[in-house]
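Chemist: Sequence:
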Amino acid sequence: KMKKTEKPSCDDDYIDEVKLKDQEINLSETERLERKAEADSAKCKGNEFFKISDFRKALDEYTLGLRTCPLNYEQERSILYCNRSACKMKLGLTKAALEDCDKAIELNDKYVKAYVRRAQIHEQLEKLDESLEDYKKVLELDPSHAESRAALHRLPPLINERNEKLKTEMMGKLKDLGNLVLRPFGLSTDNFEMKQDSSGGYSINFNQNPKN
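For the sequence shown, the positions run 1 to 212 when the UniProt record's numbering is used.
The reader is advised that the hints may include incorrect statements.
Claimed, not checked - Distance condition first, Cα-Cα at most 30 Å in a straight line; then the derived DSSO-like pairs of lysine-lysine: (1) K137 to K195; (2) K136 to K113; (3) K19 to K136; (4) K21 to K136; (5) K113 to K51; (6) K113 to K36; (7) K95 to K127; (8) K90 to K110; (9) K195 to K167; (10) K137 to K95; (11) K165 to K175; (12) K110 to K95; (13) K127 to K90; (14) K21 to K45; (15) K21 to K36; (16) K36 to K51.
Simulated from the structure, these hints should not be mistaken for laboratory data.
The task is simple: from the sequences and hints, build the whole structure.
Modeler: Okay, structure coming up:
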């Protein structure tokens, strides 16, 4: 049984690859092929369950496939992880879905569907920069990918809007802190005027008698 320190996002779906590696040491090539066939069968069942929106049963089949498919079949395992991430998205297990996408890409770094799915998950988690990077990677692999091309126009304004909002919030907090420090000297941040230059940097001017 798994130790508490190893607890993953979804306990029932954890794939212990160390254990799998130990189990596979003495397998013959015939036995490996038999296990791969069992995993392929589980994947097909999972696909059928997914089509009828039974996402929990589909997830269980993909998990069975991952526990059966030998580790050397990396492309097949990558597909199983990617399919399982789709189930987790449908079940609202967003962070667990992200972990499965990461694993799918780790096993196959040219897997377009996994990058697209991870981009969608990153956007759901409001990680817009990461989402944009994934869509850029998709376009490196498939320049005609319509969703990614649209995302390259859609996401940058959202990222800029978020950054401006964060900057405004940060400046407000700095002003509050500045007033706290300056108050004992009879000053406030109103005595200091910040001006942005053409390079995007700021200069600070002191005003003895600020306008109200």
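Chemist: So, for every hint listed, does it hold in this structure?
Modeler: Now for the hints, and whether the structure bears them out:
1. K137 to K195: Violated, at roughly 38 Å.
2. K136 to K113: Between K136 and K113 the Cα gap is close to 13 Å, so the pair holds against 30 Å.
3. K19 to K136: violated, 36 Å
4. K21 to K136: violated, 34 Å
5. K113 to K51: holds, 17 Å
6. K113 to K36: holds, 22 Å
7. K95 to K127: Holds, at roughly 12 Å.
8. K90 to K110: With Cα atoms ~24 Å apart, K90 and K110 stay inside 30 Å; holds.
9. K195 to K167: Given pair K195, K167 holds - Cα atoms ~15 Å apart, limit 30 Å.
10. K137 to K95: holds, 21 Å
11. K165 to K175: This hinted pair holds, its Cα atoms lying about 15 Å apart.
12. K110 to K95: holds, 22 Å
13. K127 to K90: holds, 19 Å
14. K21 to K45: Judged against 30 Å, a Cα distance of about 25 Å means the pair holds.
15. K21 to K36: holds, 14 Å
16. K36 to K51: Given that 30 Å is the threshold and the Cα spacing comes to 23 Å, the pair holds.
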